[in-house]
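Trainee: First to last, the sequence lines map onto chains A and B. Residue 362 in our numbering is what sits at position 362 of the first sequence, and the numbering runs on without skipping anything. Residue 234 in our numbering is what sits at position 234 of the second sequence, and the numbering runs on without skipping anything.
If you are wondering where the hints come from, they were derived from the structure by calculation, not from laboratory data. Check before you lean on any hint, since a few could be wrong.
Since the list can't tell identical chains apart, any single copy or any two copies may satisfy a pair.
To be verified - Derived DMTMM-like pairs: lysine to aspartate or glutamate, alpha-carbon spacing no greater than 20 Å straight-line:
1) Lys385 - Glu225
2) Lys174 - Glu186
3) Lys419 - Asp226
4) Lys149 - Glu225
5) Lys389 - Glu438
6) Lys94 - Asp350
7) Lys94 - Glu84
8) Lys389 - Glu191
9) Lys148 - Asp365
10) Lys377 - Glu250
11) Lys149 - Glu339
12) Lys22 - Asp35
13) Lys413 - Asp276
14) Lys244 - Glu339
15) Lys203 - Glu186
16) Lys244 - Glu388
17) Lys153 - Asp262
18) Lys38 - Asp415
Number of protein chains: 2
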Amino acid sequence: MKTASIVGAGLVGSLWAVYLTKAGYKVQLFERRPDIRKAEISAGKSINLALSTRGWKALDTVGVGDAVREIAIPMSGRIMHDLESNLTYQPYGKEGQAIYSVSRGGVNARMMDIAEATGQAEIFYNEKCVGTDLENGIVFLENSETGKKWEVKSDVVFASDGAFSAVRYNAMQKLDRFNYSQNYIEDGYREILLPANEDGSYKLDKNALHIWPRGRFMLIALPNEDGSFTCTLFMPFNGPNSFKTLTSKEAVDNFFQSTFPDFYTMMPNIADAWEDHPLSSLAIVRCYPWTHGKTALMGDAAHATVPFYGQGMNCGFEDCSVMWELMQKHNEDWPKVFEEYQQLRKPDGDGVQDLSLHNYYVMRDYVGDPKFLLQKKIEAHFSEKHPEKWLPLYSQVTFSHIRYSEAWKTGQKQDAIMKNVMAQFEDIENVWNSEAVENAILAELN
Amino acid sequence: MKTASIVGAGLVGSLWAVYLTKAGYKVQLFERRPDIRKAEISAGKSINLALSTRGWKALDTVGVGDAVREIAIPMSGRIMHDLESNLTYQPYGKEGQAIYSVSRGGVNARMMDIAEATGQAEIFYNEKCVGTDLENGIVFLENSETGKKWEVKSDVVFASDGAFSAVRYNAMQKLDRFNYSQNYIEDGYREILLPANEDGSYKLDKNALHIWPRGRFMLIALPNEDGSFTCTLFMPFNGPNSFKTLTSKEAVDNFFQSTFPDFYTMMPNIADAWEDHPLSSLAIVRCYPWTHGKTALMGDAAHATVPFYGQGMNCGFEDCSVMWELMQKHNEDWPKVFEEYQQLRKPDGDGVQDLSLHNYYVMRDYVGDPKFLLQKKIEAHFSEKHPEKWLPLYSQVTFSHIRYSEAWKTGQKQDAIMKNVMAQFEDIENVWNSEAVENAILAELN
Chain A
1 MKTASIVGAG
11 LVGSLWAVYL
21 TKAGYKVQLF
31 ERRPDIRKAE
41 ISAGKSINLA
51 LSTRGWKALD
61 TVGVGDAVRE
71 IAIPMSGRIM
81 HDLESNLTYQ
91 PYGKEGQAIY
101 SVSRGGVNAR
111 MMDIAEATGQ
121 AEIFYNEKCV
131 GTDLENGIVF
141 LENSETGKKW
151 EVKSDVVFAS
161 DGAFSAVRYN
171 AMQKLDRFNY
181 SQNYIEDGYR
191 EILLPANEDG
201 SYKLDKNALH
211 IWPRGRFMLI
221 ALPNEDGSFT
231 CTLFMPFNGP
241 NSFKTLTSKE
251 AVDNFFQSTF
261 PDFYTMMPNI
271 ADAWEDHPLS
281 SLAIVRCYPW
291 THGKTALMGD
301 AAHATVPFYG
311 QGMNCGFEDC
321 SVMWELMQKH
331 NEDWPKVFEE
341 YQQLRKPDGD
351 GVQDLSLHNY
361 YVMRDYVGDP
371 KFLLQKKIEA
381 HFSEKHPEKW
391 LPLYSQVTFS
401 HIRYSEAWKT
411 GQKQDAIMKN
421 VMAQFEDIEN
431 VWNSEAVENA
441 ILAELN
Chain B
1 MKTASIVGAG
11 LVGSLWAVYL
21 TKAGYKVQLF
31 ERRPDIRKAE
41 ISAGKSINLA
51 LSTRGWKALD
61 TVGVGDAVRE
71 IAIPMSGRIM
81 HDLESNLTYQ
91 PYGKEGQAIY
101 SVSRGGVNAR
111 MMDIAEATGQ
121 AEIFYNEKCV
131 GTDLENGIVF
141 LENSETGKKW
151 EVKSDVVFAS
161 DGAFSAVRYN
171 AMQKLDRFNY
181 SQNYIEDGYR
191 EILLPANEDG
201 SYKLDKNALH
211 IWPRGRFMLI
221 ALPNEDGSFT
231 CTLFMPFNGP
241 NSFKTLTSKE
251 AVDNFFQSTF
261 PDFYTMMPNI
271 ADAWEDHPLS
281 SLAIVRCYPW
291 THGKTALMGD
301 AAHATVPFYG
311 QGMNCGFEDC
321 SVMWELMQKH
331 NEDWPKVFEE
341 YQQLRKPDGD
351 GVQDLSLHNY
361 YVMRDYVGDP
371 KFLLQKKIEA
381 HFSEKHPEKW
391 LPLYSQVTFS
401 HIRYSEAWKT
411 GQKQDAIMKN
421 VMAQFEDIEN
431 VWNSEAVENA
441 ILAELN
């Protein structure tokens, strides 16, 4: 029987296990942590993520989509909260399009269940990968509970062990001519659980992603199934308005009261809840090659990104779709599959990172800017009339399968066109849906 | 007694040991390899390096300079060898200025001797650093001969263990928010030993650095004390005219005969000697912070660069000068010394890397271009008349103590000025030393 090892049974690893069982592999997954289905994980600790079109495709290809749909909450647009507690709504796409708030643990657990139910996948817990023989497909393991050391050899090895991948650190990084970078941005984040009302209802519109854009920093909120929201404050570690200035209860209280007044009204005990979750950092990890011998990196292990486009999980899932298509194309000739996988996919890993960094500026700043919202309205209007000529960047990334690298390039061109066109009309606010503006865009496109 | 540990007894580590003994520290050096003074190192394996003003200052500050002068060969300029075996000479600086060819092993051995002779420094060999407690100043060691594991705690720890620093890899890289990148360039290198004539004399002018610039690749030669030259071929790993195309004796023979005809005449057996030395890769390593707790990175461990400006060793030695000055300034208050060291020195680590990459283009291409040589001649002429207004980039880097970061900025400005001025005179070849050109440069400077 064909055998495969997967290091890391997180989102990408557990989905990829389902794929491999479908292709007839006996799959062994090695997970550093205990079984998340048995460990006690409080609602507040479970981070939620935004699932979109690329992710759904990867899930549906192996019939996992419906199990995830049961726990997914559609968010059809952004709701911006300004300093005066006014709300502005911006749809993400066309009527009926949405991104979906899901709990990381919930999705992970369902995929583990499905992988195990095939009878071909086995998950080993508390198993730390302490080394990898990339060329011979051998994973060296150490059980963190028993201290037992053992090794597993298989036909092919996948490292889906996250941004700080042990396989990448222990083996890939030691290869001659392996390019690698880990770059932390100046900002960190802290999660805050906004509980449900006493009757279990939501304190905010549940079918939207909420943003409090404040220029250099922002607060966001995504709905959970139990009526709560997981909120995240992103801001610099140092400087004015930074985590460094929020070190006393009084400072936290004052900050939220003056900066996020409507949020403060919903959660006046924010200062007490402030330290429920740790302050965490954010990094971009780039590397190449992604494969060596019998081993391939997937997901964050290959291209960890900052979370601002909600594409980290979707991009990791798309790695599975792409690898799957290449398995068919090359009839499981792994050297060929791996070579095309990394050459094809590396620009898209870079692309999703560029897009993610860019969207931080959009979310924390531009979405509060009437000019930006007008630009997006003109784009949506034009795109509706000329769908074959214009798909807005957000839709390319979120509601299409266009390569990330292409979306990033097209998005930059579109932005330049819109800036030019909008500068041509002094009264753009009034004529935004006029034929003149439409023609100006058409002219720029040619 | 004050104690210090140094991981890596290479060029920077052994020089820094001399500094620390001078400040009254008991110093322990831990070196992964055997004692280079006892191991058999063939002349061909010893790489030679170009020592220049920054390096000499660091050596002279602790009285090591004269011991190194005994084995240093001055090179006062570059000699370019073209396809027709014509030679062009370009002085590096003013009359009397030179860079010095020294053997890595020779310099290293002398500094080890001097450090040990103080009676305060001890070097331990075959000791692999397997971990570091950065905050408490503990180095964890494993002897590669006996397998014995032990640890050493000291007041302060310095990691001068090279581009692939164990301290950086085992400890620094695991710190939250540690930025790190290792980027390999597309080119590699292979060394070739050009032996002395039978009577021991040199086959080429010994007081110059020889370059065979060929656009996308180049061959260089530096003199050794024994009449031989260590030559290095730098070229891409892949593509046309790459190491990949030089895999048979016939290919090597043809390539040298047609590409480096005068070299081939001196060494017609090049094809037989081709594999005497391995094909090696070239990387730029960047990281930050450089210090944590009681530990600091120095030399290549902090800022490994490609070798094209001959500044890797000089920059590492300058780290010693800078750290030494800060030790005096802050009265050995190490947290203050370390903080200022990394803030001050990081831009210069980046600067020397930018300069080194840039100088690859200069050496392999521009030095064969009459326009470039004319530009340098005009700069030298102008600089002689207005030394307070213009110091050529090469002199800033090689014959001054101007910060690398400043030199890099000034050099870019100078280049833009020269391009502008030279474009203003159609017959620049004839009027290069005219008052009109001088005035044009003066005008651009204001």
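Trainee: All hints, please: hold or fail.
Mentor: Each hint tested on the structure:
1. Lys385 - Glu225: neither (37 Å within a copy, 78 Å between copies)
2. Lys174 - Glu186: between (28 Å within a copy, 18 Å between copies)
3. Lys419 - Asp226: Answer is neither; intra-copy 43 Å and inter-copy 67 Å both fail.
4. Lys149 - Glu225: Answer is neither: 40 Å inside a copy and 53 Å across each miss the 20 Å cutoff.
5. Lys389 - Glu438: within (12 Å within a copy, 56 Å between copies)
6. Lys94 - Asp350: For Lys94 and Asp350, neither the intra-copy (27 Å) nor the inter-copy (47 Å) Cα distance is at most 20 Å.
7. Lys94 - Glu84: Neither way: Lys94 and Glu84 sit 29 Å apart in one copy and 69 Å across, limit 20 Å.
8. Lys389 - Glu191: This pair counts as neither: shortest intra-copy Cα distance 40 Å, inter-copy 56 Å.
9. Lys148 - Asp365: For Lys148 and Asp365, neither the intra-copy (51 Å) nor the inter-copy (57 Å) Cα distance is at most 20 Å.
10. Lys377 - Glu250: Result: close neither inside a copy nor across copies, 41 Å intra and 67 Å inter.
11. Lys149 - Glu339: Neither: 32 Å inside a copy, 41 Å across copies.
12. Lys22 - Asp35: The answer is neither: 23 Å in one copy and 57 Å across copies each exceed 20 Å.
13. Lys413 - Asp276: Result: close neither inside a copy nor across copies, 43 Å intra and 52 Å inter.
14. Lys244 - Glu339: Result: close only across copies, 19 Å inter versus 45 Å intra.
15. Lys203 - Glu186: neither (31 Å within a copy, 56 Å between copies)
16. Lys244 - Glu388: neither (48 Å within a copy, 45 Å between copies)
17. Lys153 - Asp262: Neither: 56 Å inside a copy, 54 Å across copies.
18. Lys38 - Asp415: neither (48 Å within a copy, 65 Å between copies)
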